[in-house]
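Asker: One letter stands for each residue in the lines below.
Number of protein chains: 6
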Amino acid sequence: MAPRKTSDKLVLGIPKGSLQDSTLDLFARAGYNISVSSRGYFPTIDDEQMSVVMFRAQEMSRYVEDSVLDAGLTGHDWILENGSDVEEIAELVYAKRQMTPVRWVLAVPEESKARKPQDMDGGIVATELVNVTRKYFADKGLKVKVEFSWGATEVKARLVDGIVDVTETGGSLRANKLREIDTLLTSSTRLIANRRAMKTDWKRRKIENIAMLLIGAIGAQGKVGLKMNVPRDALDAVVKILPAEKSPTVSSLADAGWVAVEVILEDRIERELVPQLKRAGATGIITYPLNKVIH
Amino acid sequence: MAPRKTSDKLVLGIPKGSLQDSTLDLFARAGYNISVSSRGYFPTIDDEQMSVVMFRAQEMSRYVEDSVLDAGLTGHDWILENGSDVEEIAELVYAKRQMTPVRWVLAVPEESKARKPQDMDGGIVATELVNVTRKYFADKGLKVKVEFSWGATEVKARLVDGIVDVTETGGSLRANKLREIDTLLTSSTRLIANRRAMKTDWKRRKIENIAMLLIGAIGAQGKVGLKMNVPRDALDAVVKILPAEKSPTVSSLADAGWVAVEVILEDRIERELVPQLKRAGATGIITYPLNKVIH
Amino acid sequence: MAPRKTSDKLVLGIPKGSLQDSTLDLFARAGYNISVSSRGYFPTIDDEQMSVVMFRAQEMSRYVEDSVLDAGLTGHDWILENGSDVEEIAELVYAKRQMTPVRWVLAVPEESKARKPQDMDGGIVATELVNVTRKYFADKGLKVKVEFSWGATEVKARLVDGIVDVTETGGSLRANKLREIDTLLTSSTRLIANRRAMKTDWKRRKIENIAMLLIGAIGAQGKVGLKMNVPRDALDAVVKILPAEKSPTVSSLADAGWVAVEVILEDRIERELVPQLKRAGATGIITYPLNKVIH
Amino acid sequence: MAPRKTSDKLVLGIPKGSLQDSTLDLFARAGYNISVSSRGYFPTIDDEQMSVVMFRAQEMSRYVEDSVLDAGLTGHDWILENGSDVEEIAELVYAKRQMTPVRWVLAVPEESKARKPQDMDGGIVATELVNVTRKYFADKGLKVKVEFSWGATEVKARLVDGIVDVTETGGSLRANKLREIDTLLTSSTRLIANRRAMKTDWKRRKIENIAMLLIGAIGAQGKVGLKMNVPRDALDAVVKILPAEKSPTVSSLADAGWVAVEVILEDRIERELVPQLKRAGATGIITYPLNKVIH
Amino acid sequence: MAPRKTSDKLVLGIPKGSLQDSTLDLFARAGYNISVSSRGYFPTIDDEQMSVVMFRAQEMSRYVEDSVLDAGLTGHDWILENGSDVEEIAELVYAKRQMTPVRWVLAVPEESKARKPQDMDGGIVATELVNVTRKYFADKGLKVKVEFSWGATEVKARLVDGIVDVTETGGSLRANKLREIDTLLTSSTRLIANRRAMKTDWKRRKIENIAMLLIGAIGAQGKVGLKMNVPRDALDAVVKILPAEKSPTVSSLADAGWVAVEVILEDRIERELVPQLKRAGATGIITYPLNKVIH
Amino acid sequence: MAPRKTSDKLVLGIPKGSLQDSTLDLFARAGYNISVSSRGYFPTIDDEQMSVVMFRAQEMSRYVEDSVLDAGLTGHDWILENGSDVEEIAELVYAKRQMTPVRWVLAVPEESKARKPQDMDGGIVATELVNVTRKYFADKGLKVKVEFSWGATEVKARLVDGIVDVTETGGSLRANKLREIDTLLTSSTRLIANRRAMKTDWKRRKIENIAMLLIGAIGAQGKVGLKMNVPRDALDAVVKILPAEKSPTVSSLADAGWVAVEVILEDRIERELVPQLKRAGATGIITYPLNKVIH
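Chains as they are written, first to last, in our numbering: chain G, 1 to 295; chain F, 1 to 295; chain U, 1 to 295; chain X, 1 to 295; chain A, 1 to 295; chain V, 1 to 295.
Hints should not be assumed to be uniformly reliable.
Which copy? The list can't say, so a pair holds if one copy fits it or any two copies do.
What the hints assert, rightly or not - With a straight-line Cα cutoff of 20 Å, these simulated SDA-like cross-link-like pairs (lysine to any residue) come out:
1) K177 to S112
2) K206 to R195
3) K240 to D255
4) K223 to I181
By construction, these hints were calculated from the structure, which means they are not laboratory data.
Starting from the given sequences, assemble the full structure and let the hints guide the process.
Answerer: See below:
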């Protein structure tokens with residue numbers, strides 16, 4: 001076959017499945033509108049220099065390495081599992097819910113006597129992450145039969161000797177009455193790129209651009225804009241209440257006795273500050289949602 | 001049994017069921033992110049001093065009174081029905097749709113001859129609000145058999161003599177061809193607290209804090225922020241158009257001939273004002289959504 | 001029968017079906033809250049001078065012409081098909097996705113030998129747009145039997161000789177392996193009004209008002225507000241980066257060395273500018289969502 | 001175009017929509033297995049001489065007349081509406097639920113003063129069955145504007161002067177508080193055929209065959225097989241209990257004192273007879289489901 | 001009010017909710033076809049002497065006692081809870097799955113120290129079955145606050161001291177990590193009747209008739225009819241394999257060397273017998289489904 | 001770890017996913033009732049000697065080989081892919097729809113120039129069946145990079161050079177505009193068993209028993225029982241119409257002039273015969289459904 005021809009568009013892979021909706025929402029706040037028709041694997045994007053393909057996170061890095069994709073979003077875990085030779089451009093960690101780092105843990109039934117990885121020796125362990133798990137046991141000199149598990153790994157824990165499964169908070173393990181023995185890997189979402197694509201100037205700039213906009217959109221998660229009117233003589237008191245690292249935008253008002261103060265806050269902090277700000281003399285306090293925050 | 005131990009967290013009950021989504025959304029705009037897994041009764045909240053439990057609105061006040069919860073959201077109707085001894089912290093009335101006050105009415109089929117409560121004497125009335133209804137008839141000296149109705153009360157109106165059912169606009173009664181005879185009770189959503197919890201300083205402060213933030217978030221419902229650029233000599237005319245009780249924030253622009261005017265408006269008013277503002281000389285009019293408004 | 005009485009409210013028809021959600025959302029951003037109960041054809045609106053009815057886009061113009069409705073939203077295609085004598089108040093074209101103009105095309109199976117409208121002569125064509133299609137062929141002097149197609153027209157292309165079907169991007173035609181031969185009509189969403197209603201002063205003003213607010217809400221689609229702090233001596237450089245036709249709002253800050261700059265941008269442009277603005281010295285760049293933009 | 005080529009298969013149209021599942025089930029009991037993939041308009045059938053296409057009942061007769069289909073199932077109402085020249089092979093009336101005859105009625109709001117068709121004179125009537133309705137009023141010499149209603153006709157009754165809508169039991173009219181004024185048409189499901197196809201021998205035989213099997217399957221609806229053991233001397237008493245027109249199958253048993261009696265009964269009758277049969281001496285009474293009953 | 005008028009139809013209550021589908025299916029096999037429209041509480045039945053109403057099992061017995069219903073299906077547990085004075089006509093216990101008897105148990109978290117009912121003294125117990133539970137503790141001389149639980153009782157076990165909840169197999173308790181302490185009640189489905197209705201001759205006969213047909217339909221659950229051809233000289237061997245209490249129907253065949261043997265078997269037994277029957281010489285063994293078995 | 005203990009029950013694996021419902025239905029007709037709770041991987045079965053676990057077909061054979069399961073249902077394809085050393089007990093091929101044999105084919109886009117496996121040399125092929133595909137190309141001496149495809153393989157055909165995907169009728173390939181180049185494998189469903197389990201007497205007997213009952217249930221698919229009454233002098237003519245290999249059961253009737261004839265027929269044949277039988281003099285023809293047919 002002739003060598004794979006480089007596309008004249010930047011081909012981006014986004015993950016199909018549980019992360020799909022939050023990924024599309026993230027791109028929308030970053031400024032890219034991606035439309036997915038039902039059952040569609042080839043969404044449209046409102047950027048003529050790009051095309052988008054959906055892959056499962058598990059297989060993404062293979063197709064980036066093979067030049068099928070120029071770049072893609074996937075987890076660090078699956079890059080390792082596939083042993084893919086790709087470039088990691090940015091780590092995308094949300095302050096909240098989706099895309100938080102996950103852990104792959106060795107777990108056994110609560111009632112099992114196993115307490116340490118060595119107790120798996122001679123046994124069977126089921127996992128979706130076969131290669132990482134085999135290397136983990138081999139590095140410890142343990143002889144463990146690692147079987148691929150096609151989903152629903154947690155229910156297999158009582159059929160074999162242990163499982164290696166992914167968890168965010170440990171909640172699903174507890175719900176299945178499993179006990180963690182060890183953590184093999186902590187993994188977060190990454191923007192990865194094909195090494196050849198990164199040597200093409202316009203593609204590298206575009207990928208870096210996307211990285212910056214995604215990080216800006218992630219930075220706006222869990223943040224709000226807050227505006228208030230403050231009497232000029234209360235300004236110092238108000239500013240002291242605000243977090244030191246935030247420099248508020250203070251603008252003059254027509255009424256010379258007052259200034260308008262505007263600041264970006266994490267909503268966890270904002271909910272503590274509002275009562276204090278009011279007491280310090282601020283009025284007309286409003287908060288509004290943000291799309292993107294770039295420092 | 002030993003006396004119930006006070007939790008070191010503030011335990012908050014939020015209503016499961018039809019109000020659930022709007023409640024979660026309200027808390028999000030107030031600054032609290034609550035995550036509910038499917039079928040989950042123990043959501044997580046991003047505040048380490050709090051834990052959240054879901055109960056049906058109907059049973060909430062019992063568990064607040066019993067110290068199972070420190071505070072909770074429920075309707076005034078169910079507090080009365082349960083005869084619960086709890087503290088009402090705040091009334092939470094939305095300007096729109098959800099959490100509007102509801103009425104409990106005595107209703108009969110359109111074709112019934114009954115015209116007043118007395119016409120129920122000697123008959124059977126079905127309701128979810130058994131105790132309030134029994135007291136209502138007893139206070140009038142009427143002998144009515146009040147049967148508990150496990151949902152779908154409106155369809156029972158033609159099987160018994162009348163029903164006492166909840167309605168917002170009366171629409172569902174009309175749709176079932178029922179006629180209202182009397183209103184027993186008007187009820188709105190309340191933030192309630194356990195009396196013992198309110199005697200613990202940090203819990204009382206926290207509950208009051210939540211009340212203020214919820215009221216601020218409710219205040220932003222149906223409001224928008226409006227910004228426009230106004231020629232300095234048209235400022236008076238523009239300000240006169242705005243509602244008298246709103247003091248706009250007027251800020252200087254680099255171009256000395258213009259000022260920026262910003263104001264928070266109810267959207268019902270806003271849609272009337274926009275054409276007038278434009279005619280008065282305002283340009284670059286934009287409106288944007290709000291999370292919270294605290295006067 | 002007595003002549004149809006004019007309602008004392010403005011009766012507005014909105015399209016039931018695929019455009020329903022985006023229409024309700026558009027009205028919400030325009031400032032009108034419309035609530036639809038499930039299976040409801042008579043939504044409520046928070047404007048006491050209006051009532052709302054849902055009709056299919058296909059039949060809307062008939063009922064506007066008949067004075068059943070004072071105004072309504074529908075497509076230009078169905079106004080033509082019904083031959084309705086109504087007034088077109090405004091064209092409502094979204095920058096994105098929904099309510100983009102659509103095309104009605106004559107299409108045949110990819111494997112068909114037909115290449116031009118004349119190749120349909122003596123054959124059968126299925127379509128939902130019967131009258132427009134009959135006129136199209138008659139104008140060309142062709143004898144074609146035009147059969148009404150009750151939905152799923154594309155699957156009939158292989159049963160008859162050709163179809164006239166609606167398409168946005170041509171994607172569904174290609175997915176069904178059909179080939180376009182000709183375009184009969186390009187159609188977009190219109191706000192239409194009954195001619196008699198437009199002669200009543202308050203109704204005409206109200207309809208024009210709705211038109212302006214809908215256009216403003218459409219104008220905010222795909223736009224964001226962008227704010228940033230700029231050193232006074234970098235202002236010129238920053239302004240030069242911004243699109244020429246946009247005049248940014250520049251306001252003084254308390255710190256005399258800095259100004260605040262605010263501008264409304266299309267998000268397609270914004271995502272290109274952010275990196276450049278940052279390089280030019282802007283800090284604290286944030287973007288936020290908009291409800292409405294009125295120039 | 002060349003004249004439409006006759007397919008070498010019998011092309012059968014079955015109705016898409018509310019009757020679809022009961023139709024497929026009917027064919028299955030008749031002996032034909034039709035598989036529909038989701039969104040599929042071209043089901044497969046396990047008979048190599050046939051192919052199946054799905055159409056809406058409303059358009060079926062047009063495509064049968066046009067030779068697109070050789071035969072199809074649709075309602076008598078839509079044959080009339082379309083004025084199609086097709087052959088009606090069989091009436092398919094189920095003893096129960098689906099495919100019962102329906103009525104098209106002129107209906108008005110309960111509160112309307114209209115009492116007879118003449119009260120519509122000069123008014124507007126909405127209906128899906130436009131041609132039949134126009135003819136109905138014209139035959140009475142009435143001038144009524146008949147507007148096509150694209151579904152949900154019952155909700156239009158209060159917007160225009162009356163509707164012509166389909167009903168089975170009148171229940172949906174009552175639920176919408178409408179009153180019937182007149183019945184225009186009673187309609188049942190028909191198997192129809194193209195006149196040209198009926199002149200091809202093998203097609204005509206096949207269509208007649210299908211008609212017989214469908215009628216046999218319909219005949220088994222709501223019937224059960226009943227078997228019992230009866231002492232020889234109680235046989236007369238048992239047979240007298242059975243409906244006169246049913247001749248039971250009486251077979252000898254090894255035990256000469258007993259016979260086995262088997263009979264096909266409507267389940268409405270069966271539930272009355274079982275207690276009587278038991279009292280008359282029958283034992284081991286069982287009933288079993290049937291696929292097809294051919295007299 | 002005038003005394004409640006007896007309906008001229010037999011009014012039957014069937015349970016809305018989890019048992020609904022299996023109840024409708026049971027009636028269908030008994031010979032009664034009940035049609036439920038979506039959201040319908042007034043199904044239709046193909047018996048002109050009956051009308052059907054849906055109630056929750058929890059409230060059924062109240063409305064039977066009040067003469068709103070003549071008869072109904074509900075659980076023994078709810079009859080006790082409501083203290084209803086009604087007549088129990090028949091116990092309806094399925095051999096399989098639905099309508100198996102259920103148990104109401106006192107349960108605590110696995111980690112609780114409570115081991116016996118006495119350990120609840122002075123505590124709070126949540127349950128849907130408030131009255132039965134209160135009586136249970138009172139009979140033991142224990143002071144327990146019994147709170148009504150509006151669904152999802154199992155999740156409250158960790159919020160209060162214990163729960164009284166319903167379980168079939170104990171599986172849901174184990175899944176929630178709860179431990180059973182005691183069984184308060186075992187309950188099965190009952191056909192109940194109003195005492196006054198049972199004094200009306202035709203109603204009593206009809207209710208008894210329904211009871212017999214339902215029991216016949218339940219008897220056919222998990223049973224199949226089995227037919228086979230047996231050489232006359234192998235008949236004894238074959239009959240010996242069959243369960244002693246089943247008398248097979250042996251009928252003569254045209255071929256004098258063979259007989260046809262037919263028998264009704266539970267499918268649990270049938271699957272053991274088939275291999276043995278084949279070995280004993282039976283051929284052409286078939287099994288078929290049954291609707292009803294009346295001994 | 002100690003050697004894996006043999007369960008005292010027969011542990012059977014049934015496939016989770018698309019075949020699940022048809023498998024449960026098959027077991028039900030075979031006489032085994034398996035209940036699956038939602039999200040349940042451990043169904044219950046009404047046989048105390050058995051327990052059931054759900055696995056994906058893809059991983060089934062691994063767990064049978066590892067003695068986690070004694071037996072299981074899976075495809076021949078996945079046994080090969082996993083290279084599992086298990087015993088194949090029975091091939092389970094349905095006459096209709098589900099569980100028909102499938103083919104794994106090498107396919108390319110219609111527009112591709114590739115015509116034979118050799119044209120993949122040096123390219124990339126995506127598939128779920130990695131090992132079988134690698135062996136296939138290696139056996140031909142071709143160098144092809146085979147990448148694992150995590151579902152939706154058909155959409156990858158245009159991203160890489162070709163795919164190896166599963167198909168029943170080729171329909172999904174044509175729908176995706178792919179062209180078959182070669183067939184790698186034809187595969188059907190198998191009942192497989194662990195070699196050690198087959199050496200335990202009671203387990204082997206039980207597994208063979210299950211095989212026989214499943215085959216009997218499959219044999220009844222697409223068959224019906226047909227009964228008719230035939231005049232004794234028409235018997236020969238009727239029997240001649242019936243398929244030669246079927247020996248009908250002819251039984252005497254009380255009326256000596258008639259016999260009852262019963263026969264099991266494939267429904268494809270039955271629908272052809274019924275008209276002929278009627279013409280030959282048969283009356284009272286009925287057909288009824290079957291659970292199981294064992295020759």
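Asker: Can you give me the call for K240 and D255, within, between, both or neither, at a CA distance of at most 20 Å?
Answerer: between (23 Å within a copy, 17 Å between copies)
Asker: Classify it for me, K206 with R195: is the Cα-Cα distance of at most 20 Å met within a copy, between copies, both or neither?
Answerer: So K206 and R195 pass the 20 Å test inside one copy only (14 Å; across, 53 Å).
Asker: Given a CA cutoff of 20 Å, do K177 and S112 count as a within-copy pair, a between-copy pair, both, or neither?
Answerer: both (11 Å within a copy, 17 Å between copies)
Asker: At 20 Å max between alpha carbons, let me know whether K223 reaches I181 within a copy, between copies, both or neither.
Answerer: neither (36 Å within a copy, 49 Å between copies)
In summary, the one numbered hint that this structure violates is 4.
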